Amino acid sequence: MLSSLLSLLIVSAIFNNVIMAQFLGTCPFLGVSKSIETASGMGLAVIFVMVLANIITYFVQALLVWANVAYLQTLAFILVIAALVQMVEIILKKISPGLYKALGIYLPLITTNCAVLGIALLAVKKNYSLIESIVYSFATALGFLIAIVLFAGVREQLRFSKIPRSMEGFPIALITTGIMALAFMGFAGFKLPF
Amino acid sequence: MSINLKDELYRGVVTENPIFRIVLGMCPTLATSTSATNAFGMGISVIAVLICSNMVISMLRNIIPGKVRIPAFIVVIATFVTVVDLLIAAFLPSLYEALGIFIPLIVVNCIILGRAEAYAAKNPVLPSIIDGLVMGIGFTASLTLLGSMREFLSSGMIFGYLIAPFKHQFILMILAPGAFITLGLTLAFINFLQSKES
Numbered sequence: 001m002l003s004s005l006l007s008l009l010i011v012s013a014i015f016n017n018v019i020m021a022q023f024l025g026t027c028p029f030l031g032v033s034k035s036i037e038t039a040s041g042m043g044l045a046v047i048f049v050m051v052l053a054n055i056i057t058y059f060v061q062a063l064l065v066w067a068n069v070a071y072l073q074t075l076a077f078i079l080v081i082a083a084l085v086q087m088v089e090i091i092l093k094k095i096s097p098g099l100y101k102a103l104g105i106y107l108p109l110i111t112t113n114c115a116v117l118g119i120a121l122l123a124v125k126k127n128y129s130l131i132e133s134i135v136y137s138f139a140t141a142l143g144f145l146i147a148i149v150l151f152a153g154v155r156e157q158l159r160f161s162k163i164p165r166s167m168e169g170f171p172i173a174l175i176t177t178g179i180m181a182l183a184f185m186g187f188a189g190f191k192l193p194f
Numbered sequence: 195m196s197i198n199l200k201d202e203l204y205r206g207v208v209t210e211n212p213i214f215r216i217v218l219g220m221c222p223t224l225a226t227s228t229s230a231t232n233a234f235g236m237g238i239s240v241i242a243v244l245i246c247s248n249m250v251i252s253m254l255r256n257i258i259p260g261k262v263r264i265p266a267f268i269v270v271i272a273t274f275v276t277v278v279d280l281l282i283a284a285f286l287p288s289l290y291e292a293l294g295i296f297i298p299l300i301v302v303n304c305i306i307l308g309r310a311e312a313y314a315a316k317n318p319v320l321p322s323i324i325d326g327l328v329m330g331i332g333f334t335a336s337l338t339l340l341g342s343m344r345e346f347l348s349s350g351m352i353f354g355y356l357i358a359p360f361k362h363q364f365i366l367m368i369l370a371p372g373a374f375i376t377l378g379l380t381l382a383f384i385n386f387l388q389s390k391e392s
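Residue numbers (our numbering), protein chains in the order written: chain H, 1 to 194; chain F, 195 to 392.
I should point out that these hints are in silico values taken from the structure, not numbers from a laboratory.
Bear in mind the structure is a predicted one, so any value in this text is a computation, not a measurement.
By construction, the Cβ of each residue, glycine as well, lies at the ideal position given by its N, Cα and C atoms.
Among the hints, a few may not be true.
[Unchecked claim] Some chain F residues flagged as far from chain H (calculated, every beta-carbon gap over 12 Å):
no.: 1; residue: Glu202
no.: 2; residue: Leu203
no.: 3; residue: Phe234
no.: 4; residue: Leu286
no.: 5; residue: Pro321
[To be verified] With a Cα cut of at most 25 Å, we get these calculated BS3-like pairs of lysine-lysine:
no.: 6; chain 1: H; residue 1: Lys126; chain 2: H; residue 2: Lys191
no.: 7; chain 1: F; residue 1: Lys261; chain 2: H; residue 2: Lys93
no.: 8; chain 1: H; residue 1: Lys162; chain 2: H; residue 2: Lys34
no.: 9; chain 1: F; residue 1: Lys261; chain 2: F; residue 2: Lys316
no.: 10; chain 1: H; residue 1: Lys101; chain 2: H; residue 2: Lys34
no.: 11; chain 1: H; residue 1: Lys162; chain 2: F; residue 2: Lys390
no.: 12; chain 1: F; residue 1: Lys261; chain 2: H; residue 2: Lys94
no.: 13; chain 1: F; residue 1: Lys200; chain 2: F; residue 2: Lys316
Given the sequences, and given the hints that come with them, work out the whole structure.
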């Protein structure tokens with residue numbers, strides 16, 4: 001049980017990385033990766049929201065199935081996630097101004113992060129239990145944090161390099177991500193020892 | 195108010211192309227451009243959702259209070275996405291299998307909410323429908339172009355038809371790195387053309 005959870009953690013965070021292999025959450029990945037500081041802020045906010053969203057959508061899904069309206073899944077999930085993000089923002093502002101200051105500006109951006117909805121839908125599709133779903137969402141968000149911080153590191157260096165005019169901005173960012181994705185592909189076929 | 199369809203089409207496909215000019219909706223672009231067929235299927239689904247949501251949002255634009263407009267738009271969009279999702283699952287099971295999670299994720303596609311907020315919420319019904327159509331065509335055309343390039347480079351085929359029988363297959367192009375690199379180079383090429391023009 002524990003080893004299967006551990007392998008789920010490693011596979012979802014590294015091998016099947018949310019950006020590099022699944023293309024979820026590319027917009028904030030490209031948008032908020034100008035410096036390592038903002039990238040890690042965004043990454044932490046995503047971990048926070050994604051785990052909460054997966055816990056809540058687990059029960060929402062159970063409720064939908066119980067009421068025999070499972071086809072309302074997409075609609076229900078996106079509304080729950082949007083409401084959740086708003087609530088987290090308000091609660092953080094009240095109880096932890098320090099954390100709010102660190103994560104605050106990233107929270108509204110997360111509603112449009114397709115990774116949050118995507119991972120919630122995938123967890124349902126894969127029939128995960130509550131614990132598996134929590135581990136899965138935490139690991140995926142951790143993978144996002146790793147990817148965005150690594151990428152921000154590369155991008156900080158990119159500022160000092162000479163880049164052809166037409167490659168500036170998005171093109172060079174995408175190609176850099178492509179090369180990083182190539183590196184992440186090296187994990188494919190790697191066998192876990194447990 | 196008369197609408198010049200040709201000008202509108204030019205706006206959707208060239209000057210305000212959602213993928214190449216405004217760079218919105220990266221996730222589905224990267225994920226569903228593995229082949230021309232998948233890309234085209236995704237494009238058509240987005241056109242359907244975009245036209246319907248633009249139409250309904252434009253009809254309701256004077257009824258929805260400004261403060262709750264974003265959640266209201268999302269409900270409208272999610273309804274049509276669910277319809278499209280169920281239709282594809284019923285009639286095109288192989289496409290459903292290939293696009294997978296990215297059909298329900300049309301809900302959070304920035305292009306659709308972007309058009310609702312920027313256009314449909316301020317304009318009458320007919321222009322909004324046309325705006326949805328031309329933006330959808332722009333999205334579909336660019337997505338299909340990317341899909342064709344990746345499919346061609348990896349297997350020499352476009353839409354499943356063999357164009358150039360390569361001796362070796364360049365599998366990388368249909369994998370994740372190929373998606374990023376193809377889109378990056380295409381954007382760079384478009385920037386290059388633009389700099390030549392001016």
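Results for each hint:
1. Listed as a non-interface residue, Glu202/F keeps its Cβ farther than 12 Å from every Cβ of chain H; the least gap is roughly 26 Å.
2. Its beta-carbon lying about 25 Å from the closest one in chain H, Leu203/F satisfies the requirement of being farther than 12 Å from that chain.
3. At the 12 Å boundary, the C-beta of Phe234/F stays outside the reach of chain H, the nearest C-beta of that chain being 18 Å off.
4. At the 12 Å boundary, the C-beta of Leu286/F stays outside the reach of chain H, the nearest C-beta of that chain being 17 Å off.
5. In this structure Pro321/F is separated from chain H by more than 12 Å, as the shortest Cβ-Cβ distance comes to about 26 Å.
6. A threshold of 25 Å between alpha carbons decides the hint, and for Lys126/H with Lys191/H the separation of about 22 Å falls inside it, so the pair holds.
7. Distance restraint check for Lys261/F and Lys93/H: the Cα-Cα separation of roughly 21 Å lies within the 25 Å cut-off, and the hinted pair is therefore satisfied.
8. Distance hint between Lys162/H and Lys34/H is fulfilled; the C-alpha atoms sit about 17 Å from each other, no more than 25 Å.
9. With a CA separation close to 15 Å, the supplied pair Lys261/F and Lys316/F stays within the 25 Å bound.
10. Taking the CA atoms of Lys101/H and Lys34/H, the gap is about 19 Å. The hint holds against a cut of 25 Å.
11. For the hint pairing Lys162/H with Lys390/F, the CA-to-CA distance comes to about 20 Å; that is within 25 Å, so the pair holds.
12. For a cut-off of 25 Å, the pair hint linking Lys261/F to Lys94/H stands: about 23 Å separates their Cα positions.
13. Taking the CA atoms of Lys200/F and Lys316/F, the gap is near 22 Å; set against the 25 Å cutoff, the hint holds.
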